[in-house]
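*Asks:* Listed below, chain by chain, are the residues.
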Amino acid sequence: MSRIDEEQVKYVANLARLSFNDQEIKTFTTQLDAIIGFAEQLNELDTEGIEPTTHVLDMYNVMREDVVEPSLPREEALKNAPLQEDGQVKVPLIMEAD
Amino acid sequence: MPLFEEGLVSLSQKLHSKEIKASDLVDEAFTRIHDVDGDVQAFLTLNEEAARSEAKAIDENGSAEDAILTGMPIGIKDNMVTKGLKTTCASHILENYDPLYDATVVEKVKTQKAITIGKLNMDEFAMGSSTETSSFAITKNPWDLERVPGGSSGGSAAAVAAGEVLFALGTDTGGSIRQPSAFCGVVGMKPTYGRVSRYGLVAFASSLDQAGPITRTVEDNAYLLETIAGLDRHDSTSADLAVPHYAAALTGDIKGLRVAVPKEYLGEGIDESVKANIRAAIKQLESLGAVVDEVSLPHSKYAVPAYYIIASSEASANLARFDGVRYGVRAETNDLIDMYNKSRSEGFGDEVKRRIMLGTFALSSGYYDAYYKKAQQVRTLIKQDFEKVFKDHDIIVGPTTPTTAFKIGENIDDPLTMYANDLLTIPVNLAGIPAISLPCGLADGLPVGLQMIGRPFGEETLYRAAHAYEQTAGFTLTPAKGAMNK
Chain B
1 MSRIDEEQVK YVANLARLSF NDQEIKTFTT QLDAIIGFAE QLNELDTEGI
51 EPTTHVLDMY NVMREDVVEP SLPREEALKN APLQEDGQVK VPLIMEAD
Chain P
99 MPLFEEGLVS LSQKLHSKEI KASDLVDEAF TRIHDVDGDV QAFLTLNEEA
149 ARSEAKAIDE NGSAEDAILT GMPIGIKDNM VTKGLKTTCA SHILENYDPL
199 YDATVVEKVK TQKAITIGKL NMDEFAMGSS TETSSFAITK NPWDLERVPG
249 GSSGGSAAAV AAGEVLFALG TDTGGSIRQP SAFCGVVGMK PTYGRVSRYG
299 LVAFASSLDQ AGPITRTVED NAYLLETIAG LDRHDSTSAD LAVPHYAAAL
349 TGDIKGLRVA VPKEYLGEGI DESVKANIRA AIKQLESLGA VVDEVSLPHS
399 KYAVPAYYII ASSEASANLA RFDGVRYGVR AETNDLIDMY NKSRSEGFGD
449 EVKRRIMLGT FALSSGYYDA YYKKAQQVRT LIKQDFEKVF KDHDIIVGPT
499 TPTTAFKIGE NIDDPLTMYA NDLLTIPVNL AGIPAISLPC GLADGLPVGL
549 QMIGRPFGEE TLYRAAHAYE QTAGFTLTPA KGAMNK
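Residue numbers (our numbering), protein chains in the order written: chain B, 1 to 98; chain P, 99 to 584.
Read the hints as simulated data drawn from the structure, not as lab findings.
For glycine and all other residues, C-beta sits at the position ideal for the given N, C-alpha and C.
Errors might be hidden in some of the hints.
[What the hints assert, rightly or not] Using 25 Å as the maximum straight-line C-alpha spacing, the simulated BS3-like pairs for lysine-lysine come out as follows: (1) B/Lys10 x P/Lys471; (2) P/Lys184 x B/Lys79; (3) P/Lys119 x B/Lys10; (4) B/Lys90 x P/Lys184; (5) P/Lys119 x P/Lys154.
[What the hints assert, rightly or not] Just the calculated beta-carbon pair ranges, DEER-fashion: (6) B/Met63 x P/Glu485: 38 to 44 Å; (7) B/Thr30 x P/Ala378: 24 to 30 Å; (8) P/Asp490 x B/Ile50: 40 to 46 Å; (9) P/Asp196 x B/Glu85: 32 to 38 Å; (10) P/Pro100 x B/Glu44: 37 to 43 Å; (11) P/Lys184 x B/Asn61: 31 to 37 Å; (12) P/Lys471 x B/Ile94: 44 to 50 Å; (13) P/Lys471 x B/Asp5: 22 to 28 Å; (14) B/Asn61 x P/Val389: 38 to 44 Å; (15) B/Gly87 x P/Asn159: 56 to 62 Å; (16) B/Met63 x P/Asp196: 22 to 28 Å; (17) P/Ala418 x B/Pro92: 50 to 56 Å; (18) P/Asp467 x B/Leu72: 22 to 28 Å; (19) P/Ala415 x B/Val68: 26 to 32 Å.
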């Protein structure tokens, strides 16, 4: 019995902003199914009432004074942007022009 | 004899007394890289011009007496950002990335005037156990060029083993410092979570990632950890605890040390030749006065599945930032969503995509409780296993890996077999505790790694035990006379 089918893989790929061709979808479906099947070993354990560990240290908020400090100059911050214009990062059109 | 074989303390004394120059050390690094890196391929980017001029400046101006790392050639894993020195994470998506600042660990070694020789190969985004998922090069094991160096810090371990640098920095999310150190016959420490700042490391799994040193000797390792450890205001998970002078812990005395050997770590799935070396090492610890007990870590076999759910879930969130907008490679299209899809699909390799997919699935609506929450609950059980053992033991000892270095190409098409290679290292990351791997002999000519696991912030005890073993083990490991034949 498969745990995950091609339609689910396509759905997850869209959530993850990844695109695959038909062959890749097939391969990923098989591999993810095997990995998820492997992970289902965890169901052998009764974890009723066990607190999940999200972090190993005792976490607490770390506060500091809100002081203005020097930050990166704009040219520096834009240095790695693939496309820029007028001191801003440029991306494809996100809304239709009126 | 190569200078690097003398070790940090001796080299530093000779540098301060002007018996050697920083330029000699940098020369040795680049000469060695020139001779062997065509075969080993540990480096992705070299920093030669800057390294030589830094060495010259040290030779002309002298160095501060208290900075032991001054002039020492270091290699940096390519997932640590280095200002003005390309940082790729061994991924096409970052092939042109020019960082604007130094990671805290890099800044700390630079403050002591250690000299960055270059950036070291790794599995893409540190996802892998063989360095084969790198987008740019396949690093070879200096002991046998047909074998993998381990991963993900494979370039770091191989460069140290091949004598290309004195030492290197790596990162460890599920074994990525310890496993390549074991495969390459060097010393690697994964510190307690929070001991070392993660600021400027390209994040993989934020609740597991930790940076640490890879060195030829335990003593060098202790000095390098002391340099990079400590509270950092840029990382709110870095621990507010004083950093010990770790080298002071290297007393050679482990009389009465309570050593636990988990039966699961010498059981099914571990090669006989590995077990034989580990048993001999345990006898050696006993002869030094340690008291050895067999114990059980009953949830060990669930660590790998729990890890792959947790690490992949965290990775799927962390890698969402690579969208082609602010940095990295962008695929040109006229549609924004299409640009995200294409940039990511062209930029990431298969293993990274597999983990993003697994993580996105595990976090998706309807599956979160069944997979992600379940894995976190199992993480609690694994952590409790360790806490129970540490109630009446000081360290846990076993192998670092179930086998010695495997052949290139042997496991790359089978994700589950590859993942299983990490079964002895992953529990440590899930529990957030420290562990060191050090060489304990050869099996069929390949190094075997002895793993010592400690209590939270128990690095001093690990260094003391590892050093006592190293000093009396009665062998020296050097691959230079082996495979590379140079």
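*Asks:* If a hint holds in the structure, say so; if it does not, say that too.
*Replies:* Taking the hints in turn, this is what the structure says about them:
{"no.": "1", "hint": "B/Lys10 x P/Lys471", "result": "24 Å, holds"}
{"no.": "2", "hint": "P/Lys184 x B/Lys79", "result": "13 Å, holds"}
{"no.": "3", "hint": "P/Lys119 x B/Lys10", "result": "59 Å, violated"}
{"no.": "4", "hint": "B/Lys90 x P/Lys184", "result": "23 Å, holds"}
{"no.": "5", "hint": "P/Lys119 x P/Lys154", "result": "9 Å, holds"}
{"no.": "6", "hint": "B/Met63 x P/Glu485: 38 to 44 Å", "result": "30 Å, violated"}
{"no.": "7", "hint": "B/Thr30 x P/Ala378: 24 to 30 Å", "result": "42 Å, violated"}
{"no.": "8", "hint": "P/Asp490 x B/Ile50: 40 to 46 Å", "result": "24 Å, violated"}
{"no.": "9", "hint": "P/Asp196 x B/Glu85: 32 to 38 Å", "result": "20 Å, violated"}
{"no.": "10", "hint": "P/Pro100 x B/Glu44: 37 to 43 Å", "result": "52 Å, violated"}
{"no.": "11", "hint": "P/Lys184 x B/Asn61: 31 to 37 Å", "result": "36 Å, holds"}
{"no.": "12", "hint": "P/Lys471 x B/Ile94: 44 to 50 Å", "result": "35 Å, violated"}
{"no.": "13", "hint": "P/Lys471 x B/Asp5: 22 to 28 Å", "result": "23 Å, holds"}
{"no.": "14", "hint": "B/Asn61 x P/Val389: 38 to 44 Å", "result": "42 Å, holds"}
{"no.": "15", "hint": "B/Gly87 x P/Asn159: 56 to 62 Å", "result": "40 Å, violated"}
{"no.": "16", "hint": "B/Met63 x P/Asp196: 22 to 28 Å", "result": "33 Å, violated"}
{"no.": "17", "hint": "P/Ala418 x B/Pro92: 50 to 56 Å", "result": "18 Å, violated"}
{"no.": "18", "hint": "P/Asp467 x B/Leu72: 22 to 28 Å", "result": "41 Å, violated"}
{"no.": "19", "hint": "P/Ala415 x B/Val68: 26 to 32 Å", "result": "30 Å, holds"}
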